[in-house]
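Here is how the chains run, residue by residue.
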Amino acid sequence: MATTDSDDQELVAAAQAGDRRAFQTLYERYERKVYAVAYGFLRNQEDALDVLQEAFIKVHRYLPNFEGQSSFYTWLYRIVANLCIDHLRRAGRKRDVEFDDKLKHSEASESSAHLPISSLGDPAQAVKNKEILSAVEAALDQLSDKHRAVIVMRELQGMSYADMAKEMGCSKGTIMSRLFHARRNMQKILSTRLDHVPEEGDSSEAGDSLTQEAAS
Amino acid sequence: MMRDQIGATDISDEMLAAYFDGELSDADAERVAAAIDADAELRGEFEQLGLLGGLVQHGLARKANQVPQARFEQIWDEIDRAIANDARTASEPKEISPSIWGRVWAAFKPLRVPAIAAAAAAAVTVYVVGQDDSDPNKASDTVVEVTPSPSTPEPGNDDGAGPQPMPAPVTKIADANPVVVPPEPSELAPMEVPDASGVEIHNIDLGGGGGRISNTGTVTVLYLDEEPAQADSERSL
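Keeping their order, the protein sequence lines are chains A and B.
Here our numbering is used: position 198 in the first sequence is 205, and no number is missing along the way.
Here our numbering is used: position 180 in the second sequence is 188, and no number is missing along the way.
Next comes chain B alone, as it looks inside the complex (with noise of 0.2 Å):
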């Protein structure tokens, strides 16, 4: 904002505070200060910064005054009693402070657990996929034999027209490779009989009424049902 022209000198207000406050450059105060002595009403307004000066400090050192001693007495008594806090404070042997890599250990303690495991199970992944990737040809050799199940010829079947044992798939597995290949599950292997007396099973019709037991002579027809009250054997001979 400007100031109205005063004679040949421009001087805006600001210009003028900047004089009182001692802020202008000497070429600048000089040209005011002559702008000053040459114009009364810019004097008058010079004249005005200082009073409001003077006004401010006597009204705020007068409201200080107003404060009794005995309210400093007791701010005193608090700063005294902080300083002989502080100098207790300094005087207690501190703690060695941690170097900075320990400081950074420290920061990221409750992160450890988590990035071991991520690592290790990173790790295990990489060498399983290593060891897929380094031959495609391995992954058949894991697997090393394939052999059916030892299949006991039934003595008492000399027509050999009785269903025959499927040879149930037996797989070996390599001692180093945890996978296990299951057996079809259509075709139905027979199982050995725990007392060992050469009796198998070699058929089980479910829902149905058949059934044969070799080599004895023996056989127990079985019949199955969903209802659990039929679900007992009934043996005859």
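One chain only, chain A, in its complex shape (with noise of 0.2 Å):
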């Protein structure tokens, strides 16, 4: 379903005004793109979801306050994130520091790393194939919590380095070599994991082939 902040401003006037109906199709509007949000960030489903449930009736508590000076998307994403930083805290994941910090370090992190766009065919093509996007999830589980935040901030929700500081808790110059060492991990991981990825024809054997990597 297309959206508009148009749209979505009809909707949140409505709500504000008591109308429950209204904040349903709000809900249904934004229900899977907050649940990629917060999974790109989590990493559980379960995780995710409870994350889209407390979003969603903060989100609802503080609609008297919203004035539209951001859209609602903006404004939905951004106390998504929020909880979603507030829940990496919390769990504390120590391996994923590690991880973090040993790719960091790494000689082949800071040496460049493509992705092998010639194997990908057409970016437009290569964005629907399951096997890399499967590639993609498996490149993001290893992911520092921090690393994988920013490159969410970024990529899905399109936050300014200015606004990922302000959530992350430090200066845009941090996000920037942030962001700059996701990316670059990013690329790496799936340089290594999408080297020989067959064309879409021939899935199930790449498919067979990475469950087995996943697996070993």
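Hint data in this document are derived by calculation from the structure and do not stem from the laboratory.
C-beta: ideal position from N, C-alpha, C; glycine also.
Do not rely on the hints blindly, as some may be mistaken.
As the list claims (entries may be wrong) - Listed below are the simulated EDC-like cross-link pairs for lysine to aspartate or glutamate, each with C-alpha atoms no more than 16 Å apart in a straight line:
(1) 40/A with 15/A
(2) 179/A with 29/B
(3) 40/A with 54/A
(4) 153/A with 93/A
(5) 40/A with 81/B
(6) 153/A with 170/A
(7) 173/A with 93/A
(8) 40/A with 61/A
(9) 65/A with 88/B
(10) 153/A with 174/A
(11) 40/A with 57/A
(12) 65/A with 94/B
(13) 179/A with 86/B
(14) 65/A with 86/B
(15) 179/A with 22/B
(16) 135/A with 93/A
Unchecked claim - Residues from chain A that keep clear of chain B, each with C-beta distances beyond 10 Å, as calculated:
(17) 14
(18) 54
(19) 76
(20) 174
Two chains, two frames, a set of hints: combine them into the complex.
Here it is as structure tokens:
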């Protein structure tokens, strides 16, 4: 369903006036997008659904204060990012921190890592290739929480460096550097996984090989 | 980290990413755009950034599409319940919140009794110290009179050779002062006999065998020992 800011504003105004059906329409419009963002941060379905629920409860509570200075989805995504970062801070996943440090300081990370564009074929088709998308999910899994957070905030939410810095409690320079390293790590992992990705028609074999690789 | 030299222009990877994200100033953005046009390698890296962003978006969207719609409906039911609960809570009459002083008073409630007790103790201390310090001579006024106890002379003891009762100091305490000054314990004062027959005990030697009771000529010898069995008195005429 295509959405526009003006549609959102009408629904927001109706919800502010107490129209619960309008609020439900907003929820249905953004449920999967919010879930995708939350899953991008947290990499866990139930945690992502919890954040989805918590975010919309919070949105409803603060809806009377929403003045429309930013678009509804910008406001919503900021709330979601906030909840996800809080969740990650509470969880304190040590594994990812160690992984982050190792990759960040490795020589391989410092050197250029290129996606094998030639093997991916048409970029417009590549983003629809199931095997490629599976590799992307696996690569996101391997990133640290902080690297994944900046990737998701930037690529899915389109947040500015200043907003990301505010959310993560650091400087713009730190965000710039963190995003650079996050992309570099992601490219490196993907280039390793996608070295011999077959065309979409031969995806079953590739799927098996990726599954075996993931299992190993 | 700086990239390799590209002609005469230095474009760092971070700068390229910032250009991709629209975070550069106009001047820097123009410089990077010119470098991208002029350099195929730089252009390739720029395209990679776009491809990576697209892959992440599609990868996560695909993940979201794998969740059954019924699960999202369950989540909505939870949200709806929470909204209804919020509305119910909001419609309930709220208690009048106490003033700031009321809240401060309530916060210090557990400390009230100790604080009052400490204040009272401090007040008493200050009062007593003030009384003592105000006039050094006033302490001697507290005990207003010290007189010996009235000693009854022994009519039958003409020679006066017997042991005379030592005048026991009697302390008269000022009404306002509860301090009691005890008599010197080393000197025994005559003790009044309850039946008021005029008999007085003049001397008791502990652990010995002597004693004298005046004035009717009756002498009672008291044998006192530490043994409880011998603590009984023996009376002779």
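Now for the hints, and whether the structure bears them out:
no.: 1; hint: 40/A with 15/A; in the structure: holds (15 Å)
no.: 2; hint: 179/A with 29/B; in the structure: holds (13 Å)
no.: 3; hint: 40/A with 54/A; in the structure: holds (15 Å)
no.: 4; hint: 153/A with 93/A; in the structure: holds (12 Å)
no.: 5; hint: 40/A with 81/B; in the structure: holds (15 Å)
no.: 6; hint: 153/A with 170/A; in the structure: holds (15 Å)
no.: 7; hint: 173/A with 93/A; in the structure: holds (13 Å)
no.: 8; hint: 40/A with 61/A; in the structure: holds (15 Å)
no.: 9; hint: 65/A with 88/B; in the structure: holds (12 Å)
no.: 10; hint: 153/A with 174/A; in the structure: holds (12 Å)
no.: 11; hint: 40/A with 57/A; in the structure: holds (14 Å)
no.: 12; hint: 65/A with 94/B; in the structure: holds (11 Å)
no.: 13; hint: 179/A with 86/B; in the structure: violated (37 Å)
no.: 14; hint: 65/A with 86/B; in the structure: holds (13 Å)
no.: 15; hint: 179/A with 22/B; in the structure: holds (12 Å)
no.: 16; hint: 135/A with 93/A; in the structure: violated (32 Å)
no.: 17; hint: 14; in the structure: holds (19 Å)
no.: 18; hint: 54; in the structure: holds (13 Å)
no.: 19; hint: 76; in the structure: holds (20 Å)
no.: 20; hint: 174; in the structure: holds (15 Å)
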